[in-house]
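Visitor: For reference, the chains in residue letters:
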Amino acid sequence: MIVDETILEGCIAGKREAQYELYRKFASSMLAVCFRYARNRDEAEDLLQEGFLKVFQKISSFRREGSFEGWMKRIMINNALNEIKKNRRSPFLEDIDVINETQIIDPDESAGNPDPVPADVLLEMIRSLPEGYRIVFTLYVMEDFSHKEIASELSISENTSKTQLLKARRALKNKLNEYYSIKKHNFINE
Amino acid sequence: MSEEQKPQADAHSGLDNLFRNTLDSHQIEPSRGLWKGISRKLLRAELRHFNFSNLPKAFWIGAAGAVLVGMVFLFNQIPDGKTTENDYSPIIIKNIPKGNTTSGSSENKSVRTIRNPLGFSGGSSARVIQNGPSVRQTQINAASPSLAGNISTRITKTNKNHEVILRSETASLSPSGTEKQFREDRLLTSQERSTNSYELKYLPVLSGTNLFPSVDEDTLLRFTNLNGITNIPLRTHVEIPQFFTFNMGISPELSMYRNGDQYSETNYWLNAGMTYHVGKFSVQTGIGLGYVFDHADYRVNYKSKDSIGYFTSIISFTVTPGNIIVYTTKDIPVYDSLQHAADDRAISRYTYLRIPLMIGYELFESNRFSLGIKAGPAISFLIGSKEALPFIDYPNARLIRVDNNSLSRVKMNWEIEAALDLEYRLVKDFSIYAEPSYKHYFKPFETQETTSSKARDPYSVGIEIGARYNFGQKKNKP
Chain V
1 MIVDETILEG
11 CIAGKREAQY
21 ELYRKFASSM
31 LAVCFRYARN
41 RDEAEDLLQE
51 GFLKVFQKIS
61 SFRREGSFEG
71 WMKRIMINNA
81 LNEIKKNRRS
91 PFLEDIDVIN
101 ETQIIDPDES
111 AGNPDPVPAD
121 VLLEMIRSLP
131 EGYRIVFTLY
141 VMEDFSHKEI
151 ASELSISENT
161 SKTQLLKARR
171 ALKNKLNEYY
181 SIKKHNFINE
Chain P
1001 MSEEQKPQAD
1011 AHSGLDNLFR
1021 NTLDSHQIEP
1031 SRGLWKGISR
1041 KLLRAELRHF
1051 NFSNLPKAFW
1061 IGAAGAVLVG
1071 MVFLFNQIPD
1081 GKTTENDYSP
1091 IIIKNIPKGN
1101 TTSGSSENKS
1111 VRTIRNPLGF
1121 SGGSSARVIQ
1131 NGPSVRQTQI
1141 NAASPSLAGN
1151 ISTRITKTNK
1161 NHEVILRSET
1171 ASLSPSGTEK
1181 QFREDRLLTS
1191 QERSTNSYEL
1201 KYLPVLSGTN
1211 LFPSVDEDTL
1221 LRFTNLNGIT
1231 NIPLRTHVEI
1241 PQFFTFNMGI
1251 SPELSMYRNG
1261 DQYSETNYWL
1271 NAGMTYHVGK
1281 FSVQTGIGLG
1291 YVFDHADYRV
1301 NYKSKDSIGY
1311 FTSIISFTVT
1321 PGNIIVYTTK
1331 DIPVYDSLQH
1341 AADDRAISRY
1351 TYLRIPLMIG
1361 YELFESNRFS
1371 LGIKAGPAIS
1381 FLIGSKEALP
1391 FIDYPNARLI
1401 RVDNNSLSRV
1411 KMNWEIEAAL
1421 DLEYRLVKDF
1431 SIYAEPSYKH
1441 YFKPFETQET
1451 TSSKARDPYS
1461 VGIEIGARYN
1471 FGQKKNKP
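Chains as they are written, first to last, in our numbering: chain V, 1 to 190; chain P, 1001 to 1478.
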C-alpha cells in the first residue's frame, strides 16, 4: 500500500484531514497486526489507537527509504511489545531444559501445502494460544524476527523463545488437525 | 527483519506459510468511534504542547487590556465590607393642631415637613419632628383633615447592585371614620445611602382630633399613637457576609469504566474541607482519603497427576471344559502429569489522597435549609496499596507459575467534579449536609486502559454525607 506524498506532508504539518486519511488507509491492516498481540478486541483497539498516536508523533522521522507501511507496522509492533512489558505480564515460562535444534523438528510436520483455512479461523487459533506462545510465534513467523531478536525484545533467553515456538507450533498443529477433521466430518456428513 | 538463518524453517514451512500467507494481508475493520478517540487525544497533545511564545504581540496587548478592564469591573463590584449603622434616632411623627406650622423648638427637635404623595388636600399643615439635623417645612392644605401615620417602615436589600428599598406602610383616617392603608416602595438613592440622609415619603399627618367628631375615641387614640418611622436599620453599605466553614464527611462512590467488559468499583472517601464564603459564592479546598477496591486477576499454572484413561489388565484366566477361556481382568487407571491453569480473582485495596479546589454558589437559602452547586478540579495521588494474593490450594499439585494479570493503578489522576450541596442547619453554626456528586476522570484508573474509548473516560457518582461548622462572622441563622 503506497501512501500519497501529500498525505505524508499533511501529517507532518499536523493537519487533521491528512491524519484521518492515513488512518482510513491503514487502520484495518494495522488492527489485524495489533490483534495478534492482544487478548481481546478492546485491547487490540487500544494498541491501534496508541500506535497511531506514536505514528503521528514520529512521522517526521520517517526517512522515505523503505515502505511506509513497514515503518508503521514496526511502530505498532514495538508499541504492543512495550505495552506487554509495561503491564508486567510475564507469560514466558523459562524452561530449564535446553532445547536442541533437533528436538524442534517434528517428524509429523507436513511440509506440503495444507488446505486453505480462513484467516479468521487462523487468527482465532493464534489468539487462543497462551500469551507466551502467541507472541513468540507471531514475532517469529509473522514478523520474521529471529530467536535472538525475540529474546532481546522480550528479555527472555533464546532457548525460551525456541521452546515457546515449538509449543506454539505443536498447539497450532493440533488445532489445525482438529479443524481439518471437523471439516472432513462435516463434508462426509453433507 | 532478521539476517539470521532459520535452520529449521523448512521443517515447519507448511504451517508457517499457511499462517503467514493467510494473515499477512488480513484486515479487520476498527470500531466506528476509534478515530474520534485518536482525534481527541491528538487535540489534547496539541494543547499540552501549545507554545504561548508563538502568539502575536497584539494578543498579549489585548489580553492584558481585558484583564485590566476585568479587574476594574470586579473592583467596582466588590463591596468594601465596612458597614455603618444608621445613627438616626427614631423619627417621630406627631399630630399637630391646625395652623401650628412653626418649628417645635420647645422640644428641641428639628422639624421636617413632608410631602403629600397620596394627594390629600386640606388647610392644615403637617410637621414631622425629627431628631436629625435637617429642617424643612411644607404647607399642606387641610380642607379635608385626616389622621395618618406610619404603621411600619422597613429597609430591604435587593440582589441587584445592592440596592436598598425603603418600604413604608401607612394608614389614614378620614373625618368620616374611613380607614385606609397604603404601602409605598422606593429605592434609596446612592446619595441618601452615602450621606446617611434620606427623605421619607409618606402620608401627611393632618392634625386636630377635634376635626374628627364622628370618630370614636379608641380609633382616634390608636391613630394618634401611630408613630411615623421608628428604628430604621439603615446601613449605608449592604453587608456581604464573609465567613469560613469547616466540614467533614464520608462519601461512598461507584466508579464506572470498562476493562474488556463494563466494569465498576466501589470507593469510600473520608473528606475534610475548609470553605471560604463571600456572599453567595464560596471557595473550598481540603483533603480526602479514599479507599478504592479493585479486582486482582491471577492465573495459577500448576501440574498435577491426573488420570488420562485406563487399560485392562488380565489377572488370571481359566479354561472351561468347553475350551472357553474366561479371563479375570482389572481396569488399571493411567496417570500423567498434566499442566493446568486456573484463574483466580481477589480484591485489592488502594489508598488515594485527594485535594480538591471547588467554586460554589448558593442557589437558595431559607432559615434552616440551603441549596447550592459547586464544581472544580481535584488531583488524587496513590499513596498506598494492599494487593490481594491469589488463592492457591490445589492438592497433589506442583505449582509452576503464578501470572499476575492485574493492571497497575495510575499513580496520579486529575478529575473534575460537580456537586449539589444540600445543607440543613441544626443550630446557628452547625449543620449537616448531603452532596450528590459526579466526577469525571481525565485518565483511566489503570495504566492498561490508556486508549479504549470508555476506559479513557471513567467517571464516578457518589454522595457525601457529613457535618459542617461555621467560623468567623456568623451567618444570620436561626
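Think of the hints as simulated: they come from the structure by calculation, not from any bench. Quick caveat: nothing in here was measured; it's all calculated off a predicted structure. All residues carry an ideal CB built from backbone N, CA and C; glycine is no exception. Some hints could be false.
As the list claims (entries may be wrong) - Partial list, computed: chain V residues near chain P (C-beta under 7 Å):
no.	residue
1	Tyr23
2	Glu45
3	Gln49
4	Leu53
5	Leu81
Visitor: A separate judgement is required for each hint: does it hold in the structure or not?
Guide: For each hint, the structure was consulted:
Checking Tyr23/V against chain P by beta carbon gives a least distance of about 6 Å; that is within 7 Å, so the hint holds. Checking Glu45/V against chain P by beta carbon gives a least distance of about 6 Å; that is within 7 Å, so the hint holds. Interface hint at Gln49/V: satisfied, since its Cβ lies 4 Å from the closest Cβ of chain P, which is below the 7 Å cut-off. With a cut of 7 Å, the hint placing Leu53/V at the interface with chain P holds, because the nearest CB-to-CB distance is about 6 Å.
Using the Cβ-Cβ criterion of 7 Å, the hint placing Leu81/V at the interface with chain P is not satisfied: the shortest such distance is roughly 13 Å.
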